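Asks: Guided by the hints, dock chains B and C onto chain A, whose structure is given.
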Amino acid sequence: MAMSSYETCVSQLDDGLNITVQNSLLIQCLAKSIDENTGTTSDLRDGLDTFFIIYSASLVFFMQAGFAMLCAGSVRLKNVQNTMLKNLLDACGAALGFYTVGYAFAYGGQSYDGKTTFIGNANFFLIGEDDFVFWLFQFAFAATSATIVAGTLAERCQMTAYLCYSVALTGFVYPVICHSVWSYNGFLSATAKDPLFGSGMIDFAGSGVVHLTGGTTALIATKILGSRKGRFFDERGNKLRHPKPFPGHSVALQVLGSFILWFGWYGFNTGSARSIVTAAQSKIAALAATNTTLAAASGGVASLFTNLIIMERLTGEAVFNLNFAMNGCLGGLVSITSGCAVIEPWAAIITGFVAGLLYLAFSRLLVKRCIDDAVDAIPVHMINGLWGLISTGLLASPHLLEAAYGNSKHAGWFYSWGRGSGDFTLMCCQLIGILFILSWVTFLMLPFFLFLNYMGWFRSDALEEIVGLDISYHGGSHHNMNEVKPEYLEAYRKQRDEQLKNRGHNGSTTFEDAEEDGVHVSVDNVVANF
Amino acid sequence: MAMSSYETCVSQLDDGLNITVQNSLLIQCLAKSIDENTGTTSDLRDGLDTFFIIYSASLVFFMQAGFAMLCAGSVRLKNVQNTMLKNLLDACGAALGFYTVGYAFAYGGQSYDGKTTFIGNANFFLIGEDDFVFWLFQFAFAATSATIVAGTLAERCQMTAYLCYSVALTGFVYPVICHSVWSYNGFLSATAKDPLFGSGMIDFAGSGVVHLTGGTTALIATKILGSRKGRFFDERGNKLRHPKPFPGHSVALQVLGSFILWFGWYGFNTGSARSIVTAAQSKIAALAATNTTLAAASGGVASLFTNLIIMERLTGEAVFNLNFAMNGCLGGLVSITSGCAVIEPWAAIITGFVAGLLYLAFSRLLVKRCIDDAVDAIPVHMINGLWGLISTGLLASPHLLEAAYGNSKHAGWFYSWGRGSGDFTLMCCQLIGILFILSWVTFLMLPFFLFLNYMGWFRSDALEEIVGLDISYHGGSHHNMNEVKPEYLEAYRKQRDEQLKNRGHNGSTTFEDAEEDGVHVSVDNVVANF
Amino acid sequence: MAMSSYETCVSQLDDGLNITVQNSLLIQCLAKSIDENTGTTSDLRDGLDTFFIIYSASLVFFMQAGFAMLCAGSVRLKNVQNTMLKNLLDACGAALGFYTVGYAFAYGGQSYDGKTTFIGNANFFLIGEDDFVFWLFQFAFAATSATIVAGTLAERCQMTAYLCYSVALTGFVYPVICHSVWSYNGFLSATAKDPLFGSGMIDFAGSGVVHLTGGTTALIATKILGSRKGRFFDERGNKLRHPKPFPGHSVALQVLGSFILWFGWYGFNTGSARSIVTAAQSKIAALAATNTTLAAASGGVASLFTNLIIMERLTGEAVFNLNFAMNGCLGGLVSITSGCAVIEPWAAIITGFVAGLLYLAFSRLLVKRCIDDAVDAIPVHMINGLWGLISTGLLASPHLLEAAYGNSKHAGWFYSWGRGSGDFTLMCCQLIGILFILSWVTFLMLPFFLFLNYMGWFRSDALEEIVGLDISYHGGSHHNMNEVKPEYLEAYRKQRDEQLKNRGHNGSTTFEDAEEDGVHVSVDNVVANF
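Chains as they are written, first to last, in the working numbering: chain A, -7 to 522; chain B, -7 to 522; chain C, -7 to 522.
Treat the hints with caution; some may be incorrect.
The list treats identical chains as interchangeable, and a pair is accepted whether it falls inside one copy or across any two copies.
Heads up, simulated DMTMM-like pairs for lysine to aspartate or glutamate below, C-alpha to C-alpha not over 20 angstroms straight-line [stated by the list, open to error]: (1) K24 - E(-1); (2) K486 - E304; (3) K493 - D453; (4) K185 - E394; (5) K486 - E309; (6) K107 - D186; (7) K493 - E304; (8) K221 - D186; (9) K401 - E336; (10) K493 - D123.
Since the hints were derived computationally from the structure, they do not count as laboratory data. This structure is a prediction, so every number in the text was calculated from the model and none was measured.
Excised from the complex, chain A in its bound form:
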């Protein structure tokens, strides 16, 4: 048994001192033990928070796998490889982009006492930054925002275009929004020293910063890119009476993706508390996790059963639509991301429920308007990102705002009315935030995509699209291609050889084995030829 601190201190006293002197020395000695405890505790706080953020960042990173599986399941077999590569490159690109400039633009040189800036301008290449877990967490968010777009554009977008916008988004467009809403020096930030209208915009974990940004980009991009061949129009460009369904190739992977995303959201939302060393922060993190669960659940239920009831009325048949249930859950998750720390559980259920209905309505609207979204990312991320911000403006509770932001002057509109004031300040900040994000994204991405399109870098070649992007970009497909008609394959092969000859190459060697092998061209024989 170790000696008590008192015994230790007594044992260090010289003999024959009088009691008063002894007391003085003991006090001095014990003070050291106190300081040691303070030091240990401070280290523990560091350790706990570091671990908390590593955990959260890992889970947010794992959402990349979720998006990948959701996309993989949602596309046709002939495009799986292409889609998977885009998902993988998102993660890689975001890491490098956020390391070099993205983080610097978003948080570089932030200081609580500094003045409001539009963009950060320090810590490029992480120079001078040693808060590595914060970088890690933020990188994972940036990667998420880029991945959202990938799904929408699946099956018809060129790799080059994809690489360009992915870098632009994570390197510049997203960081500026991130800076404005989350940095101490952002003009919308609720954690700024002197926030907008004394309130600032509340976007706890990024309904706006991440999802609205990604979703809006997706909408702009798909409008310019156009729909997949045969989805809404026939070969002569006449509108089909019924849009042709392009069912994904694996429901199981879609559901796996959804569950991984839901799982990852526990890192996304709770980790946004950024620290868990005070009792208040613990409560915030716990509330965020609970609200996340409830909103997801009510979103899925709302979407599934509303559709079921409508369909039953119209066709006499009860149809349980898995896609709607799944995307309803995701919509609920997106919508709660903004307010998870500042609204009550009952409000989370309402938020999720409305999210499910909004998803359903806008998914339908997109189809009506012939806007092609291969994974319904627009109604899930854009619409519900937007709704999440408004829901927070409505339902943010004063005492939770106090706990999470230390500022409850301007609560949600619902509570303001309850207080009899009708104070619209918070909601106003939310609306300004929404307008800012919509404008900023449109202002940058619209000309960007128009330019890509004008240069012919955006849309895949028509024949490539029909035979599938796996063959055209990846040297072959790993799968039996009975989705694709042989005559299209033949036509594609001819066109390709032609092009290669024009560039002075003889492409035929690469396809030799392919001839023997049907259409089984792959990695290895490509390798064998260089």
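Replies: Frame of chain A, contents of chains B and C only:
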């Protein structure tokens, strides 16, 4: 460098005081630093435990993905969508059910000093409850208990029936068991102030509460629901000489599911320590994780090699049966769930080994008795849930009971014999617990399923079952349906149109595109029609 | 509100004492509060570290699922079941092997003050060891090292051989290396009291211990086992002009596997800090996580685009090769595993970039040399494990070495030159470590595999390989076998019946249903026959 607490206190002293007065003031001043440390530490304890439970709950939630993949892999392609929806709805339903009433029945108003109750009756809608992480963790457990049943009934159960029993289970049946075994006020609880026979039932993480409950429900349900068409009987109802195998459509997904479950179990079992801020609790959590690993491993090995040896004797051929290895692991995990904190690693290996053998024997028995379990959930969860409780009664070690429950008066029977007493108290509590769970589940679920069956709400229509539930409930299948004979599809389509006409609808529009498209009916053309 | 510690102590004083005596008593009383705080804090340190390691170990364990999915996706459908079983048995075997002897050989009886030993020799069956989380973490590493080999040998290795080498590797070969590099008493250990040349070998999370060991074993094994039939040679043994590609059956599962591995690596590398309770350790863990991310990203990008540029030059066509991107990421992860805690982020990017190039070059070299590696595990794990150790010898920064190992006398060669000394000590230790691992593995595994091969226990029967291992070892396949020609199936069936008859069994019963069912033989009819 910050000043030490001593220097700070000295700097606050007025000049010219005598040493004794100085000492008094210093003491007073340092006491404040002590209190600050105490406060910081207390906050850290909160934070660490909150984080620990958020982590554990996330992992337990992720088990939903594990069950989903296990089921997806185990069913035939034509039922994947149906199965996936059930898994997703489990998570949603459990969240809403446990928020509204389940949690209130299970833990509402629990108090260590309160008297024994049969059911909780406070905190409905989480009103008055602010321990959100505890709710989150418990919700994830409730969801698990419902999901267990989904697998067994796959490929032949109506959605309506599924929704009904899923709500009943998570909203009422499970919470009462949970209350009895885990609430301070439960009559079987080992953490009660005055536990049953001075011991109470030891079910650390829920072999009984979760798995026996789910597994027993599955057994009752499948007995009433009957086996899948063609599994044990031919079209005229004659028993087949050999049961027809219904192999699942993806081994890879089954294994993925098993690994996710094993991974999730590290949250399930270690999180059940509920707190990790004392050295004793850390040891418990660590032991639980280690035992979990060992039991899973020995369960898988036992099941695989026992089967291999038997088959080799009978047929002369060594067959490595993946399904048995996989389910042996899961059986081992279920069996260790009860005792993971109170038995030694060697005992975990024995527990897992026996679990593997029990799984094998009962899986065989079910087939012999023509009880159809699409994923072998009954031998995995029911039989090994039961065995887990008995194993704890046998092998719970006194010093671990002391560490985990602060009560080692009644140890496992094995140790009692070692002590020369043969004290059967703990085992007796375990047996009472088993009887209680079996009776309670049977008492409620048997009439419930009989009623569903009597009303015709339980079993799918025969033709629907043959063409697959994906077409009948979900407006089509995402897959090539070469599993299904065209004449059955044709018959099903006629029957369906007939029904719709009788209800005054003209269903044909919905199937128009389907005609053009082979049997590719899907989400989008369904959407296009409302 | 609770009383402050000062008030509490004052309230315990008797009346009428003089101030000096009061002070003495107060000091004594407050000292108790200090000790209580110290105790609570010490418990918290225990708790935080235990939790940190449980978390990390869970993630490392989850990598088993990653390897399984990577393998499942990379093999042909006819071998999926076989591959999955091997992955599952790895986890089980490693748990049992590491429990019984592996841990004892690796860390048994380690003591900082003990002398250097070649192998541990205490704590067999975990007797006398109560640091269970450390065991758990180490078990997960051992399992990883065995799993690496599984992929390379896929599609042609007998189950028996697999079981033998898997046990040998995790039970003896790996533990000795682990002991040498990581135990306090290892002759290469950087944490030894008196490390080699005053420096020791730096392998923070196991580029060498885990990946080089696994990868080297894989290389030896595949050299002896030979390539898959038809991969490099035709039926008469003539070398093919172009190696025949054996594309895996699911790109989506491959990518899922890669993402799971990347996710798991956050446990692998950060958890190797082993503790997170001091500020220095927090920084190490955070840096490790960040470097892990950056190396993976730059590895993937390097491999993808270098290949793209080369191919574009050669064939005129830009090919985005998903497999190369994926394995480039994994190569980057392997290479950063050794140095993640001691190199700067910019160095992590360089390390990963070189790893991507090395992967590409060696993947190509293997094909040229007709060395068949079904998942490219050799260039990923062996080559980049080796490169990771060298990269650490080059780029380990003095101040990070100081933080992580408390010893910065011998920094990376790059920094040594900067200091003007050219001190080669660290690099020398790294090279000795590499030589040791290569020699130890070769010395043990080469005769081992030669022996297996000589006895005819290594390679599957030729016909079995052609019809796929799922039928031959697992009593049938779960899948439509249109990969396999019917005449081969027929030939295989005849050969099998012959063998069974020779052993005195009549195998035909087992295949009865199979006849009715095409080649759908499965679990259930196998069960039905014992």
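Asks: With reference to the structure, classify each hint as holding or not holding.
Replies: Hints, one by one, checked against the model:
1. K24 - E(-1): Both. Shortest intra-copy (14 angstroms) and inter-copy (10 angstroms) distances satisfy the 20 angstroms Cα cut-off.
2. K486 - E304: between (50 angstroms within a copy, 19 angstroms between copies)
3. K493 - D453: within (18 angstroms within a copy, 46 angstroms between copies)
4. K185 - E394: within (15 angstroms within a copy, 38 angstroms between copies)
5. K486 - E309: between (48 angstroms within a copy, 14 angstroms between copies)
6. K107 - D186: For K107 and D186, the Cα distance is within 20 angstroms only inside one copy (9 angstroms; across copies 53 angstroms).
7. K493 - E304: For K493 and E304, only the inter-copy Cα distance (13 angstroms) is at most 20 angstroms; the intra-copy one is 58 angstroms.
8. K221 - D186: neither (52 angstroms within a copy, 70 angstroms between copies)
9. K401 - E336: within (18 angstroms within a copy, 44 angstroms between copies)
10. K493 - D123: Neither. Shortest intra-copy (53 angstroms) and inter-copy (67 angstroms) distances fail the 20 angstroms Cα cut-off.
Hints 8 and 10 from the earlier list are contradicted by this structure; the remaining hints agree with it.
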